[in-house]
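J.: Once you have looked at the hints, place chain B on chain A.
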Amino acid sequence: MDDLLREFLTETNESLDVVDVELVKFEQEPNNARILDNIFRLVHTIKGTCGFLGLPRLEALAHAAETLMGKFRDGAAVTPKAVSLILQTIDRIKAILAELEASEGEEPKGVDDDLIKQLEAMSIAGEAAKAAKPAKAETRGTMSEQVLERELRIGEVSLDELERAFRETEVEFEIEEEKPAAAAAPAVDFAKVAAELDARMGQIGGQAGAKPAAGGKAVRPVKAAVEDETTDSSEAKASVASQSIRVTVETLENLMTMVSELVLTRNQLLEIVRRHEDSEFKVPLQRLSNVTAELQEGVMKTRMQPIGNAWQKLPRVVRDLAQELGKQIELDMVGAETELDRQVLELIKDPLTHMVRNSADHGLETTEDRRRAGKPEKGTIRLSAYHEGGHIIIEIADDGRGLNVEKIKAKVIENGVATDAELEKMSDAQIHKFIFAAGFSTAAQVTNVSGRGVGMDVVRNNIELIGGTVDLKSVPGKGTTFTIKIPLTLAIVSTLIVEACGDRFAIPQLSVVELVRVQHNSEHRIERIRDTPVLRLRNKLLPLVPLGRLLRTADETAASADDGFIVVMQVGSQTFGMVVDGVFHTEEIVVKPMSKMLRHITMFSGNTILGDGSVIMIVDPNGVASAISTTVGEASDKVDAEKQHGVEDSTRVSMLLFRAGSSEPKAVPLSLVTRLEEFEIEKIENSNGRELVQYRGSLMPLVRINENVRRRTEGTQPMLVFSDAGRSMGLVVDEIVDIVEERLDIQVGSEVPGILGSAVIKGKATEVIDIGHFLPMAFEDWFFRKEFSQIALTRRLLFVDDSPFFRNMLGPVLKAAGFEVTVCASATDAMRCVAEQPLFDVIVSDIEMPGVNGFELAETLRRDPRMRSTPIVALSALCTPASVERGRQAGFDDYVAKFDRPGLIASLKELTSQDLGIAA
Amino acid sequence: MTNDIAKEAGTGKDSIQYVTVLIGGQLFGLPIHRVHDVFVPESMTRVPLAQAEIAGVLNLRGRIVTAVDMRRRLGLPLREGRHGIMAVGIEFRGESYGLIIDEVGEVLTLETARREPNPANLDGRWAAISGGVHRLDGHLMVILDVDRVLGHLVEQMAA
Numbered sequence: 001m002d003d004l005l006r007e008f009l010t011e012t013n014e015s016l017d018v019v020d021v022e023l024v025k026f027e028q029e030p031n032n033a034r035i036l037d038n039i040f041r042l043v044h045t046i047k048g049t050c051g052f053l054g055l056p057r058l059e060a061l062a063h064a065a066e067t068l069m070g071k072f073r074d075g076a077a078v079t080p081k082a083v084s085l086i087l088q089t090i091d092r093i094k095a096i097l098a099e100l101e102a103s104e105g106e107e108p109k110g111v112d113d114d115l116i117k118q119l120e121a122m123s124i125a126g127e128a129a130k131a132a133k134p135a136k137a138e139t140r141g142t143m144s145e146q147v148l149e150r151e152l153r154i155g156e157v158s159l160d161e162l163e164r165a166f167r168e169t170e171v172e173f174e175i176e177e178e179k180p181a182a183a184a185a186p187a188v189d190f191a192k193v194a195a196e197l198d199a200r201m202g203q204i205g206g207q208a209g210a211k212p213a214a215g216g217k218a219v220r221p222v223k224a225a226v227e228d229e230t231t232d233s234s235e236a237k238a239s240v241a242s243q244s245i246r247v248t249v250e251t252l253e254n255l256m257t258m259v260s261e262l263v264l265t266r267n268q269l270l271e272i273v274r275r276h277e278d279s280e281f282k283v284p285l286q287r288l289s290n291v292t293a294e295l296q297e298g299v300m301k302t303r304m305q306p307i308g309n310a311w312q313k314l315p316r317v318v319r320d321l322a323q324e325l326g327k328q329i330e331l332d333m334v335g336a337e338t339e340l341d342r343q344v345l346e347l348i349k350d351p352l353t354h355m356v357r358n359s360a361d362h363g364l365e366t367t368e369d370r371r372r373a374g375k376p377e378k379g380t381i382r383l384s385a386y387h388e389g390g391h392i393i394i395e396i397a398d399d400g401r402g403l404n405v406e407k408i409k410a411k412v413i414e415n416g417v418a419t420d421a422e423l424e425k426m427s428d429a430q431i432h433k434f435i436f437a438a439g440f441s442t443a444a445q446v447t448n449v450s451g452r453g454v455g456m457d458v459v460r461n462n463i464e465l466i467g468g469t470v471d472l473k474s475v476p477g478k479g480t481t482f483t484i485k486i487p488l489t490l491a492i493v494s495t496l497i498v499e500a501c502g503d504r505f506a507i508p509q510l511s512v513v514e515l516v517r518v519q520h521n522s523e524h525r526i527e528r529i530r531d532t533p534v535l536r537l538r539n540k541l542l543p544l545v546p547l548g549r550l551l552r553t554a555d556e557t558a559a560s561a562d563d564g565f566i567v568v569m570q571v572g573s574q575t576f577g578m579v580v581d582g583v584f585h586t587e588e589i590v591v592k593p594m595s596k597m598l599r600h601i602t603m604f605s606g607n608t609i610l611g612d613g614s615v616i617m618i619v620d621p622n623g624v625a626s627a628i629s630t631t632v633g634e635a636s637d638k639v640d641a642e643k644q645h646g647v648e649d650s651t652r653v654s655m656l657l658f659r660a661g662s663s664e665p666k667a668v669p670l671s672l673v674t675r676l677e678e679f680e681i682e683k684i685e686n687s688n689g690r691e692l693v694q695y696r697g698s699l700m701p702l703v704r705i706n707e708n709v710r711r712r713t714e715g716t717q718p719m720l721v722f723s724d725a726g727r728s729m730g731l732v733v734d735e736i737v738d739i740v741e742e743r744l745d746i747q748v749g750s751e752v753p754g755i756l757g758s759a760v761i762k763g764k765a766t767e768v769i770d771i772g773h774f775l776p777m778a779f780e781d782w783f784f785r786k787e788f789s790q791i792a793l794t795r796r797l798l799f800v801d802d803s804p805f806f807r808n809m810l811g812p813v814l815k816a817a818g819f820e821v822t823v824c825a826s827a828t829d830a831m832r833c834v835a836e837q838p839l840f841d842v843i844v845s846d847i848e849m850p851g852v853n854g855f856e857l858a859e860t861l862r863r864d865p866r867m868r869s870t871p872i873v874a875l876s877a878l879c880t881p882a883s884v885e886r887g888r889q890a891g892f893d894d895y896v897a898k899f900d901r902p903g904l905i906a907s908l909k910e911l912t913s914q915d916l917g918i919a920a
Numbered sequence: 001m002t003n004d005i006a007k008e009a010g011t012g013k014d015s016i017q018y019v020t021v022l023i024g025g026q027l028f029g030l031p032i033h034r035v036h037d038v039f040v041p042e043s044m045t046r047v048p049l050a051q052a053e054i055a056g057v058l059n060l061r062g063r064i065v066t067a068v069d070m071r072r073r074l075g076l077p078l079r080e081g082r083h084g085i086m087a088v089g090i091e092f093r094g095e096s097y098g099l100i101i102d103e104v105g106e107v108l109t110l111e112t113a114r115r116e117p118n119p120a121n122l123d124g125r126w127a128a129i130s131g132g133v134h135r136l137d138g139h140l141m142v143i144l145d146v147d148r149v150l151g152h153l154v155e156q157m158a159a
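As given, the protein sequences belong to chains A and B, one line each in that order. So for the first sequence, my numbering puts the first residue at 1; every next one is plus one. So for the second sequence, my numbering puts the first residue at 1; every next one is plus one.
Looking at chain A on its own, in the form it has when it is part of the complex (with noise of 0.2 angstroms):
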């Protein structure tokens, strides 16, 4: 491909660029005749730049498209219809160019026919248009150039060309010759006036500049007189064309890589003389490292390019959308002038197009609903950029409807990505985030624009590859705003240097969410369940792991330290803390990738040279998330939809695995466990023939699991703690192993009281231990009174539960409260239990049920008249006042939270003393 053919396509495609853009424009102000003549000249300069390189395809296209546009100048209406056709007709040329440039230089075999017929005929109703209405004053003598271009089609194509390029210059001259005019009149219009021009002036020199070899010889000389004419107050702006030059990427980026290298060098240079106090370099070496500063600024700003450059697409986008969905859809962009690294710039673009897609096909409601709720019919997305700190902030608002949650918890339990029971307890803002999920689309119909199989995980994944993060904010009615942060640049990271083991490692900054200082006596602390390692930090449990463990370099057989720091670490939606021994300092570092004999270790991103001359590896966040999450369970508020898919993990229960009194492993339900501690010996007391120790302000009693849990003479106890409104019980135990999470299926039932049974966790048969055993051994009265069980005795009780933990845990707490228990796995079960036998005194159903669920069995179970005035307790994992409510309308008369059993009970004593007073 010779240099014409390639500058023509590069400079084309920048044209069409800007027709497309300026395109949406004309059509909102159809009357804007500056507009139209950028686009006509656009067209036009096209059109003849094909015919003086032989692309007979691309030339009869343009004219047709020039044509048609011709007739708007002259007057025509300008309709969508036409606008979209116009489009239509760029977007052939486009994909022909697109050809052109796989093909080097060869023009693609094909008719346009349909689209010139289209635009023929257009334009033939546009002239009969014009002729019903009298042309507007807006004409500026086109007509004749209307009539020239139709007697010249071939041939003599140069010599139409030239005259074309005087014309447009003279419009050029025009402009500069309105200056000095303007500057003779009035001094207070000449800033506005001045103002106006250089604005137009850009416009024309950014296309002067596009303007291709064609007429090029003609109007190149031309035009530098005009150059010369304009060296007063629009100066500045006019030579920026003629200033500006072509420099390929891969010039820039080599100039980039060896300024990095000078950067080091000098970090190098600084450090050696820092050494040297009284160093004669130290002067040169101050300006040496000031020029390389400014040059490292110079060349990052060539690398620099405003995010508008991305967003340039957009308003086409969103008008074709709008069309299309049948929208009116405003785009409206702020700061579009704000730069970011190029690199950057180009890999955000797809994820912002989808973005807006996504604004204007689920975030906008139609014309038609937009009325009924009262906004106006025009929709806004609003695209705003701006810098804060190192990074670049992006938002996209749209004044939409807001996320629908219900339909974002239907889709994810449909999915399976979360239980009914988990999005309870979730927050708003914690549902909207499932939207990031893998294969997530809340459109009830996928429609052309949405369902192309690209979801936001894909953007999120996207964002988060460039170290990035996504966020969104929506509130109901008033629309959504997702804000995107992203770094800069790539090439230049700000790090942590941080130590481990003796090796000295650097983290990016931007996971680094915060940094805690851990001492064994201060109030952060690392505690450990078995050997893994947590902080409580604000109420939550933050998974830790040692960055030594991790890279395999720390001492296996030593103790690890409980003082250091913890790099608390965000990255996606995962938290978790790495436990380094000390912090240093942060460095901006220019990353080098790694060799490829190392580019194995995932842990790594890079590695680069710090100021002090040695080599440094570089901490990859996402590799370390990665591995953490394989080896820690992720906490209950993370989503890794794609581990969780397909799997059915409502049955999963968190269990703590510990050894008491034999060395088969034992369980209990993590949920059910309010702390894990460790008391030293001398602190338990003996009073009263119990053990007791001081906890927490008050006296807690020590419970045995059985007599074989070794009493120790030294060192410390290890204990579960279970509270409950404000009473604590310590459960005595060996060790407590690990946590895993697992399904629950208690295979073999046991006799021995305190333990449910048997079941396989992590290959081993442990037993699961019956916490409300032991409970009533610290406190008698920890589940009921005793007058309770008395009136209760007789009291008949179904109990419906589909988890066969639940139906084993509460059944016998509810037969040791005094009631006959009946106990059903399902609903269904439920009802043919009542329908055989319907005096139950008393139902205690679960809600989250598969099939039927609670609120629906209450609510079938209510429309018997024999059933209307029996009891029914909700037993459920969550009670928002959302459920609560809920389940009063279903038709239940009290709604319990499932591990709160003296609630159970109180509610059931309330219920059935009442009834007991009624038929007394």
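Hints are supplied without guarantee of correctness; some may be wrong.
Stated by the list, open to error - Incomplete in silico selection of chain B near chain A, CB under 10 angstroms:
1) 58
2) 95
3) 110
4) 150
5) 154
No lab work stands behind these hints, which were simulated from the structure alone. Treat the numbers as computed from the prediction; the structure is a model and nothing was measured. Glycine included, each C-beta is placed from N, C-alpha and C at the ideal position.
T.: Just chain B, lined up with the frame of chain A:
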């Protein structure tokens, strides 16, 4: 590498210059055109999770060099202490590597014709990276095939 040597032999030169190095008492020869420099490795940064043969990364005049411990590569007993070690700088597939050796000796010019193939009973690990043997006065010099020394390490991780 062997091809290279053969090629050079074919282009009129019938002798090759070798930089000799000592690794664990054994004399090795590296073709001089592959040796970029010889330096004393300083402040080496170890790379956790890397292959055992990787001694670390270091800064050589602004370039990050990956250092390969030749004793480990050859399966020799490890050196005690770090004093007196040397490194030979090599370019391999566009990247800089440093081979950590014990000592650098003189540069020898040896006739290609006198190069002998690896003895059949040579340790497999050595045979894999040896480009032949030269008989010198009183001792033998094993030719180190740099591409095979490093190539194996790269391919190992790719696999």
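J.: If a hint holds in the structure, say so; if it doesn't, say that too.
T.: Hints and how they fare:
With a cut of 10 angstroms, the hint placing residue 58(B) at the interface with chain A holds, because the nearest CB-to-CB distance is about 6 angstroms. Given the 10 angstroms rule on beta carbons, the hint for residue 95(B) holds: about 5 angstroms separates it from the nearest Cβ of chain A. The closest approach between the C-beta of residue 110(B) and any C-beta of chain A is roughly 30 angstroms, which is over the 10 angstroms cut-off, so the hint fails. Below 10 angstroms, beta-carbon pairs count as interface contacts, and residue 150(B) has one with chain A at about 8 angstroms; its hint therefore holds.
A distance limit of 10 angstroms between C-beta atoms decides the matter here; for residue 154(B) the minimum to chain A is near 5 angstroms, and the interface restraint holds.
Consistency with the previously given hints fails for number 3 only.
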